[in-house]
Amino acid sequence: MNEKAYYGQFGGQYVAETLMNVLNEIDEEFEKAIRDEEFIREYNYYLKEYVGRETPLYLAENLSKKYGTKIYLKREDLNHTGAHKINNVLGQILLAKRMGKTKIIAETGAGQHGVATATGCALFNMECTVFMGSEDVKRQALNVMRMEMLGAKVVSVESGSNTLKDATNEAIRTWAKTAEDTFYIIGSAIGPYPYPKMVKEFQSCISREAKKQHFEKEGRLPDVVMACVGGGSNSIGMFADFIDEKDVKLIGVEAAGKGIDTNEHAASMARGHIGVLHGTKSYLLSDEDGNVQLAHSISAGLDYPGVGPEHAFLRDSGRAEYVPITDAEAMDALMELTREEGIIPAIESAHAMAYAIKYAKEMTENQSMIICLSGRGDKDVNTISDYIAGKGYLN
Amino acid sequence: MRSRIEEHLSKLQKKGEKAFITYYTAGLGGMEATRQIIEAQKGYTDVIELGIPFSDPIADGSVIQQASYEAIQQGSSLRKTFELMKDIRDSGSQQPILFMMYYNTIVNYGIEAFAKKCDECGVDGLIVPDLPLEEQEELQGAIDKYDTTILIQLVSPISADRIPVILENAKGFVYCVSSMGVTGGKGTFHSKVIDYLSDVKKHSKIPVMMGFGIREAKDVEPMKDIIDGAIVGSHFINLMREGNYNPDIAREYVSKFKREIQLTGGRSFCQPLKRNEDN
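Sequence order for the protein chains is A and B.
Heads up: the first sequence begins at 1 in the working numbering, then just goes up one per residue.
Heads up: the second sequence begins at 1001 in the working numbering, then just goes up one per residue.
These are calculated hints, taken from the structure and not from any lab test.
Using N, Cα and C, we set each Cβ at its ideal position, and we do this for glycine too.
Keep in mind that the hints are not guaranteed to be accurate.
[As the list claims (entries may be wrong)] Quick list of in silico lysine to any residue cross-link-like pairs, SDA-like style, CA-CA up to 25 Å:
1) K1080/B <-> E288/A
2) K101/A <-> Q1140/B
3) K177/A <-> P1164/B
4) K97/A <-> I1158/B
5) K32/A <-> R98/A
6) K177/A <-> D1161/B
7) K1192/B <-> V22/A
8) K153/A <-> S1062/B
9) K1171/B <-> M1/A
10) K4/A <-> E1168/B
11) K1116/B <-> L94/A
12) K177/A <-> K1116/B
13) K4/A <-> G1141/B
[Claimed, not checked] Computed far set for chain A versus chain B, every beta-carbon distance over 10 Å:
14) L142
15) D261
16) K281
Use the sequences and the hints to build the structure in full.
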């Protein structure tokens, strides 16, 4: 057993033998890169000049007043391409370049990671193929268009549930065939080691900045830090620099879909069992025969039956708490943030917002929380409009 | 005690025969059809791989993906396949049979309970394509408590310096993946397949079998002097599907393949490979 590949009992490298040398090469080069000042300088250059970091830590004035506590939003929605995904893509693409790879593949659910990858490939002149479940291709037509404009080939995956899980299967299969010249950029905090570690490293700018910004504004650490969790990339980035700060409460918000007591949710923490999917051991929604169950969430980015291995460890060790939020609660929060603050969040991020509103009632005026606003809602306008039409939401 | 797979392959070795192995997805066309297809291969197929269908078969190409999906829809599962195995053993069959399955199915069943059940039902071996050497400790420990089930090692064209390490304690036979990627394909083997197979053969104390992309005995003609046997999966499934799961078609195909693979005129089974002599 390769111990460094594990977070407690979670993680590992559950992949075909074909990929083991590939993973070892990536691991070696990644460890060198993050100790290489030139690599870090180049990465930080693109984060600043291309992505537009640092992103603001905005005190949501109206919500803070309404709920009687300080609610800060870490504005990842203001990044180039509209979400946190680009942070990780630039890190991995610079690593791919360093390794001499010329082709990039990626999976995508909501399309944000696909768009970010296609963007990075346009910038660095790499050949890009993005795998996307055919269901998501329909739900996220705008992002498909963006990826194609950026020069990426979008492969619509027709197998299983036709969503993120199946797109990931197909990306892994293609990778196993082409790993000699192709780098696979995983967008979530999942996959075989060292992927969960890489994604965390390249998303940790979120918490590094937020911690500093909160100090500047409040002169202390926040009481609570919160983020939505599908596979767990924005949340692991939001937690990273606070994990060792034991007084800061960490809360991950997973998608409860139509409710965790129905069969339509994506709450792998609340309702999953330990299992192995996409190269990693973690909590997983599976049936009694061990087949992976279809996840459901109104948000394509949270519609995933597993969760990153470090999150599973953070939960079992008691360091972080994970709570479910339903489609309906998330959509209410989305509208509330839009009306109160003039910010239309991604439906993914609205899950974190919904729990923040609930949790604010337990906090005092002088306490503060940071919510990771992982992405903006432009991509979701069609989904939101269907939801409102179906539910008569505005009435 | 040696497993049924090891016993049988050692008999072949004495006879100087090459081995033939098929893969079939358990429950495709129903459990009864599966039982008949296994039965029909008696005397021809040396080892039978039964695939336990899984929802997310990442090491498989489109044929086995579809077969797994259909088998699940038709009610197939690990539990049902254990029942089938028990019936097969109760009927007195000594055919070497192994399970090819994904690790999640084992974790979900419970690793210790799974090993015990394999012993009870006479499962001779396991191929777990998403369980590389580094992750095998727990499963290996569990099956080692019984003398029945062995874990088969896989190697790939880019395993390189991992090959000797993987083969050190390998049992039964070594499964050489002929190409990068997934099961199936059109006999397009990795460009350096001969060098790679020779390297595996050089390090292996046990028979070396090649799989992925093989349809007919002639497909392995170029490497006949190196390998000890061939594995056919996707093509066999296509044949069964097209033949409406008729066991006679299975028998016809496997008897022909087994006959033809002996006629390659190459080095007989399991003799050491003389790489640096005579050429």
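Cross-check of the supplied hints:
1. K1080/B <-> E288/A: This hinted pair holds, its Cα atoms lying about 12 Å apart.
2. K101/A <-> Q1140/B: Roughly 36 Å between the alpha carbons, so the hint for K101/A and Q1140/B is violated.
3. K177/A <-> P1164/B: Within the cut-off at roughly 23 Å; holds.
4. K97/A <-> I1158/B: holds, 21 Å
5. K32/A <-> R98/A: holds, 11 Å
6. K177/A <-> D1161/B: holds, 19 Å
7. K1192/B <-> V22/A: Measuring from Cα to Cα gives roughly 18 Å; hence the hint holds.
8. K153/A <-> S1062/B: holds, 20 Å
9. K1171/B <-> M1/A: With a Cα-Cα distance of about 20 Å, the restraint between K1171/B and M1/A holds, given a limit of 25 Å.
10. K4/A <-> E1168/B: holds, 24 Å
11. K1116/B <-> L94/A: With Cα atoms ~48 Å apart, K1116/B and L94/A exceed 25 Å; violated.
12. K177/A <-> K1116/B: violated, 35 Å
13. K4/A <-> G1141/B: holds, 21 Å
14. L142: holds, 28 Å
15. D261: holds, 22 Å
16. K281: violated, 7 Å
Of the numbered hints given earlier, the model fails hints 2, 11, 12 and 16; all others are met.
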